[in-house]
Amino acid sequence: MNWENIIPSVAAPSEVRVAEPAMDSDQFAAFYDRSSRPLWAYLARSSGDPALAEDLMQESFIRFLTSNAPTDGEVASRRYLFRIGSNLLRDHWRRARTVSIDDLPPERSAAPDMSGQCDSRLMLSPALARMRPRDRQLLWLAHAENYSHKEIAEITGLASASIRMILFRARREMSRLLTQANA
Amino acid sequence: MKFNCNHLDELRQALHSGHWPAASSPELRAHVAACARCTQEVLLTTAFQQARSETVAASQPAPASIVWWRAKARRREAALKKAARPVLAAQVFALLVVLATVGLMAARHWSTVVDRALTAPSSISAVVDLWGLTPLIVAAVLLSTLGAVALYLTTDRS
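Going down the list, the sequences are from chains A and B.
With this note's numbering as the guide, the letters of the first sequence map in order to residues 82 to 264.
With this note's numbering as the guide, the letters of the second sequence map in order to residues 84 to 241.
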């Protein structure tokens with residue numbers, strides 16, 4: 082006796098209808114080729130951990146493919162992808178401790194200094210490592226990815242007004258550190 | 084330092100399009116030299132763009148096919164879980180019906196069972212009278228068995 086015979090509405094495993102993603106495999110390959118490196122860079126620079134960035138990047142793409150991703154162009158898709166990555170990063174930081182990401186000290190999540198791998202002429206890595214995780218995220222999105230406050234709000238889930246204030250303070254601190262490093 | 088500057092949009096456009104500083108207007112360059120906010124923007128954006136280029140060049144993402152395959156497996160797993168929801172609901176419902184039936188029957192016939200059990204050893208006629216409980220005992224055994232099977236199926240998610 083089989084449950085599938087008793088309850089007709091239940092399909093057999095081979096008959097289960099799997100939801101199709103928003104793009105086919107070729108479209109995805111092209112999108113992945115254009116978006117995976119910038120996403121990895123964002124996650125690696127925000128977390129300071131290249132291995133973690135690789136894991137989170139793959140998970141971001143998997144969730145992107147299994148969710149109702151936007152279908153109105155690559156810009157929106159990429160922004161959605163960054164949003165997934167930001168949420169995963171936030172979950173990772175929260176998992177260890179039950180405090181707000183804003184209260185995390187820089188050394189808590191700075192992890193290894195990536196300057197050995199990616200040696201910025203302007204000593205960005207050491208300066209970034211001294212910033213708080215949230216500041217690193219916002220600075221990267223604003224200055225490396227050129228996202229507007231509105232787009233950053235969409236990606237991080239923060240209010241635009243908060244982003245303006247956090248970025249103002251973060252810019253001031255970062256430019257001080259960069260100026261010191263260059264001196 | 085100012086919170087904002089009227090030339091920021093123009094400067095950002097020049098920075099991100101690669102026109103800064105060579106292809107920018109002399110007015111903009113003169114303004115940036117005198118404006119602390121715009122100087123800060125140039126310092127930060129130049130540093131972050133440089134870091135982005137280096138980090139992007141250093142990245143070695145896994146092949147897209149692996150991510151595609153993993154996503155496909157995840158979607159299939161989710162679909163199976165969704166399809167199995169009616170089965171789980173039916174199993175839970177069956178278990179509840181069995182437990183309720185057993186409970187009701189036990190409550191209804193408890194005094195009879197106890198009385199007959201107490202008087203049974205005293206006489207042969209009482210043993211004969213026990214045949215009247217046979218259907219109840221059979222039903223209880225049957226329901227217990229079905230309940231155990233339902234419980235097993237409910238908990239066996241694999």
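Source of the hints: derived by calculation from the structure; they are not laboratory data.
Warning: the hint list may mix true and false statements.
[What the hints assert, rightly or not] Partial list, derived from the structure: chain A residues whose beta carbon lies under 7 Å from chain B: (1) Y113; (2) Q139; (3) L258; (4) Q261.
Built from N, CA and C at the ideal position, the CB exists for glycine as well.
Results for each hint:
| no. | hint | result |
| --- | --- | --- |
| 1 | Y113 | 4 Å, holds |
| 2 | Q139 | 6 Å, holds |
| 3 | L258 | 10 Å, violated |
| 4 | Q261 | 12 Å, violated |
In summary, the structure is inconsistent with hints 3, 4 from the numbered list given earlier, while agreeing with the others.
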